[in-house]
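**Student:** Take a look at the letters that make up each chain.
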Amino acid sequence: MMTDNSPPLHKIDVKQFHPRARAAIHNPQIRQNFRKAMDGLMSKRTAAFEGMDLETLRDLGSNIRMRALANLPDLLEQLEQKLTENGIKVHWALDADEACKIVRDICVARDAKSVIKGKSMVSEEMELNHYLQERGIEALESDLGEYIVQLADETPSHIIMPAIHKNTGEISQLLHDKTGTDLSSDVNYLTASARLQLREKFRNADVGVSGVNFAVAETGTLCLVENEGNGRMTTTVPPCHIAVTGIEKVVPNLEDITGLLALLTRSATGQHITTYFNMISGPRKADELDGPEEVHVVLVDNGRSSIYQDDQLLDTLKCIRCGACMNHCPVYTRVGGHAYGTTYPGPIGKILMPHLIGLDEGQHLPSASSLCGACGEVCPVKIPIPDLLVRLRQESVDGDKLHPAKVRGHGSKRNSVEAMIWKGWGWMHAKPGLYRLGTGIAAKFRNLQPGRLGGWTQYRTAPKLAPKTLHQRMKERQQ
Amino acid sequence: MSDPIKVYPSKPKKVYFYGTCLIDLFYPDAGMAGIQLLEREGIEVLFPEDQTCCGQPAFTSGYHDDARAVARSQLDLFPEDWPIVVPSGSCGGMMRKHYPDLFKGTPDDVRAAEIAGRVWELTDFLLNACHIKLTDLGDPATVAMHTSCSARREMGVGTVGPALLGQLDNVELVEQVRAEECCGFGGTFAVRHPEISGAMVSEKVATLVESGARNFVTTDCGCLMNIDGYAEKNRQPMKGQHILSFLWQRTNPKSEEAHDD
Chain A
93 MMTDNSPPLH KIDVKQFHPR ARAAIHNPQI RQNFRKAMDG LMSKRTAAFE
143 GMDLETLRDL GSNIRMRALA NLPDLLEQLE QKLTENGIKV HWALDADEAC
193 KIVRDICVAR DAKSVIKGKS MVSEEMELNH YLQERGIEAL ESDLGEYIVQ
243 LADETPSHII MPAIHKNTGE ISQLLHDKTG TDLSSDVNYL TASARLQLRE
293 KFRNADVGVS GVNFAVAETG TLCLVENEGN GRMTTTVPPC HIAVTGIEKV
343 VPNLEDITGL LALLTRSATG QHITTYFNMI SGPRKADELD GPEEVHVVLV
393 DNGRSSIYQD DQLLDTLKCI RCGACMNHCP VYTRVGGHAY GTTYPGPIGK
443 ILMPHLIGLD EGQHLPSASS LCGACGEVCP VKIPIPDLLV RLRQESVDGD
493 KLHPAKVRGH GSKRNSVEAM IWKGWGWMHA KPGLYRLGTG IAAKFRNLQP
543 GRLGGWTQYR TAPKLAPKTL HQRMKERQQ
Chain B
3 MSDPIKVYPS KPKKVYFYGT CLIDLFYPDA GMAGIQLLER EGIEVLFPED
53 QTCCGQPAFT SGYHDDARAV ARSQLDLFPE DWPIVVPSGS CGGMMRKHYP
103 DLFKGTPDDV RAAEIAGRVW ELTDFLLNAC HIKLTDLGDP ATVAMHTSCS
153 ARREMGVGTV GPALLGQLDN VELVEQVRAE ECCGFGGTFA VRHPEISGAM
203 VSEKVATLVE SGARNFVTTD CGCLMNIDGY AEKNRQPMKG QHILSFLWQR
253 TNPKSEEAHD D
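From first to last, the protein sequence lines are chains A and B.
Heads up: take any position in the first sequence, counting from 1, add 92, and you land on my numbering.
Heads up: take any position in the second sequence, counting from 1, add 2, and you land on my numbering.
No lab work stands behind these hints, which were simulated from the structure alone.
A portion of the hints provided could be inaccurate.
Where chain B lies over chain A, by a calculated footprint (3+ residues, C-beta under 8 Å) [as the list claims (entries may be wrong)]:
| hint | stretch |
| --- | --- |
| 1 | 106-120 |
| 2 | 263-274 |
| 3 | 423-434 |
Yeah, the Cβ is synthetic: ideal placement off N, Cα and C, and Gly gets one too.
I would like the entire structure built from these sequences, with the hints used as guidance.
**Tutor:** So this is what it looks like as structure tokens:
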């Protein structure tokens, strides 16, 4: 249970990826929890798409998202106008800190002391719970996974299933220690106990904070996808609802939702539809019996508009946060979500986080991939994740004079020794005569080849040079 | 954008053979096997002497200036419009998929895109352009197959290896669990992140062994070096071969030239 004592995100040194990854790899429990969970998620996804023309659907998803992004500034203005017409107050936040302040100010204005939260990765990005708690406002997670993670004083290890790193036994022990429930391996009992405790909190909460899956510009509708009903409770029971969302979540039309929703739930959990799909279109009207008196939306930029400036990196913003890339990632499966030390782990985290925290902070992220392409293959909106990883690798070493790097913190990984090695490598391989001479000599003196080659021979024998190169054999053949 | 639909050429008189640097240095028998299979199909194989490396190692490491310098030196090697065949999904993918982007906006962009369009992974080419028919001369054998990620996902040849092995009457192909998962090679990834790569290859070897096979074939020498190297160091009963070597040995009565290990 390595993660039991993992510090809150705001105290994690992102650069310490290697030691955390190493610890996870050598922790059989963590390895088993992730392997089992990811295997299950992969097969559920496959089953959910069975009989569907997945490629056509992915094209559709990609096109819907691209069309939305192409008109992002206009759509955001339209969204603001429609939301306002619907009686929803719109706030704009340049960064996480500003977003936190907006939420706090709304709470303070209402004299709110307790906040109940639906699952929201943007609020994780903002580290909202921590922020509010430091200012005397209790923030309690109501999504079961988030609740577990909060009880353990951890961060989510997966964007859809925050407590996926824990097995039932670990969760039972945690609930027992923190809330006094009986130890049990009965998932239904554990869920029911948590629900009972949360029910009281819903009733007493002053403010509900949720995320947003899609924001529809033409109607000013906020869509929220969830399975536990906690999202509906969060957005309807407290007298005030604050939705926080990244600015990229907007889509032009209501009909765009059908394609995206079909892709999202199947890609994420292998469900054809989630148990709840909420469409929020304003505060309680005069003749309505329930719903919040006030609804706010905080539209958070936090690095997104800088991604938007680049034609290639723009694809990053197509993401609908399904988590399929991490479910299928052989690296994520081995190291788990906490190793990354970032809000968003796995492949999407590797291409998104450098923009949020800078390439200098997140310099290990783009390289921690074998570029196997599984993430790009399953992405429901066809984000070319491997290509973006290569782009960020280039940015982190300033490796392309034709396309000067522009991501914040670029060039931070460049070191003169490695740059020199590649320069030398390039020089030799761009000169065929020299290459043949060098490789010929290497083959001839192959018995002098070193038996140890750094990280390679830690796990493997060294590759053996052939007695003659293919070049030499072809030359002999022609004679 | 979806990947463009592949339009295979009809069987040509000649092809350019791009051997790749790994085959050149470590697995030349696999290269020879590929050449001999092509020649047996009646195709003249041109081996441009000035070939070195496609540039991929520098490219995936982010050193695109150096990758471009190496790749540019390779653009001169294919003056006629013959297909370019590559015994590797990885290097093939670099040339077919990434050359156009690498040279975009340079004086070589048209040439690079034209060359990219002629690049074929060799087993794909043998099956779908040459329509090769294999006659198995070997003893009964059981093998597993590991298709590299780039062969599967960049070059779209995931079904080709099994189809070729399926033509061999005495060969039983068994499938390991999670066959489509990466073996952990990833070029410089294996050296930059040795523990993660090590964890991946250890599980790959375990699933291969569990499949019941004691031998595996693969489309790519990077995977071969990785999986074989792990199995050897950890004394696991698993030994690999490039699929071209295997196909040539099984179908050629006196295959002296193909004894890679």
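**Student:** Taking the hints in turn, state whether each one holds.
**Tutor:** Taking the hints in turn, this is what the structure says about them:
1. 106-120: Holds: 4 residues of the stretch 106-120 of chain A have a Cβ under 8 Å from chain B.
2. 263-274: With 0 residues closer than 8 Å to chain B, the stretch 263-274 of chain A misses the three-residue bar; violated.
3. 423-434: holds (count 3)
Violation of the numbered hints given earlier is confined to hint 2; every other hint is satisfied by the structure.
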